[in-house]
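Engineer: We have chain A already, so just place chain B on it with the hints.
What follows is each chain in one-letter form.
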Amino acid sequence: MEQTQTANDGLRVVIGLGSCGIAAGAQDVKDAIAGALTAHGVKASLEETGCNGACHREPIVEVYQGGTHWTYGGVTVAQAEEIVEKHLKGGAPIEEWTFQKGAIAGEVEAFFSKQKRIALGNCGVIDPEKIEDYLAQDGYTALTKALADNDRDQVIAEMLASGLRGRGGGGFPTGLKWKFTKGAVGDQKYIICNADEGDPGAFMDRSILEGDPHAVLEGMAIAGFATGATAAYVYCRAEYPLAIKRLRIAIAQAEAKNLLGENINGSGFTFKIKIKEGAGAFVCGEETALIFSIEGHRGMPRKRPPFPANSGLFGKPTNINNVETLANVPWILRNGGAAFAAMGTEKSKGSKVFALAGKIKRGGLVEVPMGITIREILQDVGGGSDTGAPLKAVQMGGPSGGCIPERLFDTLVDYDEVNRTGAIMGSGGMVVMDETSCMVDIAKFFLDFTQKESCGKCTFCRVGTLRMLETLERISEGKGKMSDLDLLEELAVKIKETSLCGLGQTAPNPVLTTLKYFRSEYEAHVEHQRCPAKVCKPLLTYSIDPVNCTGCTLCARVCPVKCITGIKKEVHVLDQAACTKCSSCSEVCKDNAIHIE
Amino acid sequence: MNGDTPQTDLTPVDRLIDQFGSGMEATIPLLQGIQDEFGFLPLDAIRHVTSKTGIPASHLFGVATFYNRFRLTPVGKNMVRVCLGTACHVQGGGRVHEVTREILELADDADTTADRLFTVEPVACVGCCSLAPVVVINGTTHGLLDAPSTRKLMRKYNKAEKKAATEQS
Numbered sequence: 000m001e002q003t004q005t006a007n008d009g010l011r012v013v014i015g016l017g018s019c020g021i022a023a024g025a026q027d028v029k030d031a032i033a034g035a036l037t038a039h040g041v042k043a044s045l046e047e048t049g050c051n052g053a054c055h056r057e058p059i060v061e062v063y064q065g066g067t068h069w070t071y072g073g074v075t076v077a078q079a080e081e082i083v084e085k086h087l088k089g090g091a092p093i094e095e096w097t098f099q100k101g102a103i104a105g106e107v108e109a110f111f112s113k114q115k116r117i118a119l120g121n122c123g124v125i126d127p128e129k130i131e132d133y134l135a136q137d138g139y140t141a142l143t144k145a146l147a148d149n150d151r152d153q154v155i156a157e158m159l160a161s162g163l164r165g166r167g168g169g170g171f172p173t174g175l176k177w178k179f180t181k182g183a184v185g186d187q188k189y190i191i192c193n194a195d196e197g198d199p200g201a202f203m204d205r206s207i208l209e210g211d212p213h214a215v216l217e218g219m220a221i222a223g224f225a226t227g228a229t230a231a232y233v234y235c236r237a238e239y240p241l242a243i244k245r246l247r248i249a250i251a252q253a254e255a256k257n258l259l260g261e262n263i264n265g266s267g268f269t270f271k272i273k274i275k276e277g278a279g280a281f282v283c284g285e286e287t288a289l290i291f292s293i294e295g296h297r298g299m300p301r302k303r304p305p306f307p308a309n310s311g312l313f314g315k316p317t318n319i320n321n322v323e324t325l326a327n328v329p330w331i332l333r334n335g336g337a338a339f340a341a342m343g344t345e346k347s348k349g350s351k352v353f354a355l356a357g358k359i360k361r362g363g364l365v366e367v368p369m370g371i372t373i374r375e376i377l378q379d380v381g382g383g384s385d386t387g388a389p390l391k392a393v394q395m396g397g398p399s400g401g402c403i404p405e406r407l408f409d410t411l412v413d414y415d416e417v418n419r420t421g422a423i424m425g426s427g428g429m430v431v432m433d434e435t436s437c438m439v440d441i442a443k444f445f446l447d448f449t450q451k452e453s454c455g456k457c458t459f460c461r462v463g464t465l466r467m468l469e470t471l472e473r474i475s476e477g478k479g480k481m482s483d484l485d486l487l488e489e490l491a492v493k494i495k496e497t498s499l500c501g502l503g504q505t506a507p508n509p510v511l512t513t514l515k516y517f518r519s520e521y522e523a524h525v526e527h528q529r530c531p532a533k534v535c536k537p538l539l540t541y542s543i544d545p546v547n548c549t550g551c552t553l554c555a556r557v558c559p560v561k562c563i564t565g566i567k568k569e570v571h572v573l574d575q576a577a578c579t580k581c582s583s584c585s586e587v588c589k590d591n592a593i594h595i596e
Numbered sequence: 000m001n002g003d004t005p006q007t008d009l010t011p012v013d014r015l016i017d018q019f020g021s022g023m024e025a026t027i028p029l030l031q032g033i034q035d036e037f038g039f040l041p042l043d044a045i046r047h048v049t050s051k052t053g054i055p056a057s058h059l060f061g062v063a064t065f066y067n068r069f070r071l072t073p074v075g076k077n078m079v080r081v082c083l084g085t086a087c088h089v090q091g092g093g094r095v096h097e098v099t100r101e102i103l104e105l106a107d108d109a110d111t112t113a114d115r116l117f118t119v120e121p122v123a124c125v126g127c128c129s130l131a132p133v134v135v136i137n138g139t140t141h142g143l144l145d146a147p148s149t150r151k152l153m154r155k156y157n158k159a160e161k162k163a164a165t166e167q168s
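Keeping their order, the protein sequence lines are chains A and B. Position one of the first sequence corresponds to residue 0 (numbering that gives the first Met the number 0), numbered consecutively onward. Position one of the second sequence corresponds to residue 0 (numbering that gives the first Met the number 0), numbered consecutively onward.
The shape of chain A in the complex, shown without the other chains (with noise of 0.2 Å):
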């Protein structure tokens, strides 16, 4: 882990307060040693962060004094009290609980050796509501040398040089896209931060906004004075609050410093941010829907052109760039184009941030160069799978992308080569998947999330992906005829040819690429009525073993339709007839007795 954060003399206790340490107790472990703290009479301050990334791993607590420094990760409300007392009070760490030297110490390594963090460089080590903590790691030097040379060509040259394609999922360069928005013609010209974090599965976009959100609006303070925009807004989700809030406290901090608003340090340029809450529609990444939902109107897409370089927010020309893009944006000016696209492949350059959650063993937020593998992600720096079996796909790019089987894994990041596979990169959400998903399923549910997102304008969009998603159900009950894989490949296509926005144009992907890969998934619901998986209820029979039943009468107890029957230390009998296949009796039975097949 980068520890770029100089300790000082004072004792220092950090937790790290994102959205996923909160869910992990991070609150209550930080009360808990505030409350020890006094207790024990000890003098420490004790401070917030973002997220590091690790969230497999939260609460963290890291301790700071003199040049040591020990993180301890997965900390209780107990464990919090007992390091007050021996490692803060008493000056003996406990190793064995720590990042450093404890049993998770390779772990650790092995997550963090691999990652490169640009976008990530201040989450997880600063306080994301101090601005001083922001300027103590060379915060806004970017924007006033910027702005003292004023030379916006520049800074365009200097973006083009870097090779950075936005990293919401289209992978336009962002320099060419500020060189456009410089060159049109208008009397107002805007930056949007597009923070419309719709794709289920990547939350990288909310842990940087939480972790440093200043990285962000110095960013866009840059692409302002660089196309010429003096206002500008973040459209933000609104199921991120703790984003919103620390955007708020960011912005107004910067005010105060003059490093936003008016006349910005006395050069001249004026840089207003504003905030726009999302009000919840998938569609709204797609940046004219952005910017109609910001003029108050349903998020419905536009043809292009015009683009927004022309002719974009209010009519005037705007420039949208995605939370990721921007927070690169001051590391690239800071250490030059080149130092950024010396890392990478030919046409991806830099670092990417992916989101791994799903049947992973180190899940969380990472950071790597574009160029590695896709299996030394996952297994590398994920660890492979959280149950020990093997993996069977990873799912990248959320309902826009596809799922990439096993055999594939030594697939190149990079935009290209990704792309190649049937999947995209997308925004970066990586949702691991073993022999306990199945993909028929996977594929349902994402044309159940897209045809709900559909804005209904065009009706291939609207009536096909329904289409798509009926005859999935059908397929997933049993109920499908061979005829229905080519029936969705006959929607897919026209789907694709005929919508006007990227969520139509790439909704059939997850069809597309399990069918590509996982045929044989489907052809076992069509043919046998058989989920290889054991996930499409319509498909399973329960059945109790009347050899490892013990007559507990847990499952008769929790059972919601009293299905199953039996006399307490003595087999029990499941009525299939009455049987929901609710898995609620396969849950609670410690025996290994309910039978799925």
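Don't take every hint at face value.
[Stated by the list, open to error] Across the chosen pairs, the derived CB separations fall in these ranges:
{"hint": "1", "chain 1": "A", "residue 1": "Gln99", "chain 2": "B", "residue 2": "Gln18", "range": "46 to 54 Å"}
{"hint": "2", "chain 1": "B", "residue 1": "Ala56", "chain 2": "A", "residue 2": "Gly387", "range": "54 to 62 Å"}
{"hint": "3", "chain 1": "B", "residue 1": "Ser21", "chain 2": "A", "residue 2": "Asp409", "range": "56 to 64 Å"}
{"hint": "4", "chain 1": "B", "residue 1": "Ala56", "chain 2": "A", "residue 2": "Thr75", "range": "47 to 55 Å"}
What the hints contain is simulated information worked out from the structure, not anything from laboratory work. On a predicted model such as this, the values are computed, not experimentally measured, just so you know. Beta carbons are placed, not taken as given, at the ideal position from N, Cα and C, and that holds for glycine.
Structural biologist: Just chain B now, kept in the frame of chain A:
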């Protein structure tokens, strides 16, 4: 139309109009403000916005029904958001949803309990994927759930609320 509550106190709506203005751009912030105030969008509040700002009611309803966050029916006292994002789905979020509804005894097509103590809302993704499956109850996230732990969690909330309700009456 559900949610027609003629006795709604409209003072907060006037305050929101003062704050956000009456242009088209104010549509979503106004609706969000009204929903924050009342928990849903009461019909007379929408009508009030139209009469004060001139934004057509059809536009307000069009927007309100387009975005997932807006609702036209009242919510229960406790908001239970069950995440059904990809990671949660793969880790058993659907089952967590079922158990939640079972324990709170929700009718098949209802999202709010008959006693208005709980509303259960599926959400696409709350961004806590490494703790999947998760449920957010009144803003507090509970992660790494399975059916038995969800049952326990919901029973705890349900019991506390039922007890509070009995004590009040």
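Engineer: Each of the hints needs a verdict: does it hold here or not?
Structural biologist: Outcome of the hint check:
no.: 1; hint: Gln99(A) with Gln18(B): 46 to 54 Å; verdict: holds (51 Å)
no.: 2; hint: Ala56(B) with Gly387(A): 54 to 62 Å; verdict: holds (58 Å)
no.: 3; hint: Ser21(B) with Asp409(A): 56 to 64 Å; verdict: holds (58 Å)
no.: 4; hint: Ala56(B) with Thr75(A): 47 to 55 Å; verdict: holds (53 Å)
Violation of the numbered hints given earlier is absent; every hint is satisfied by the structure.
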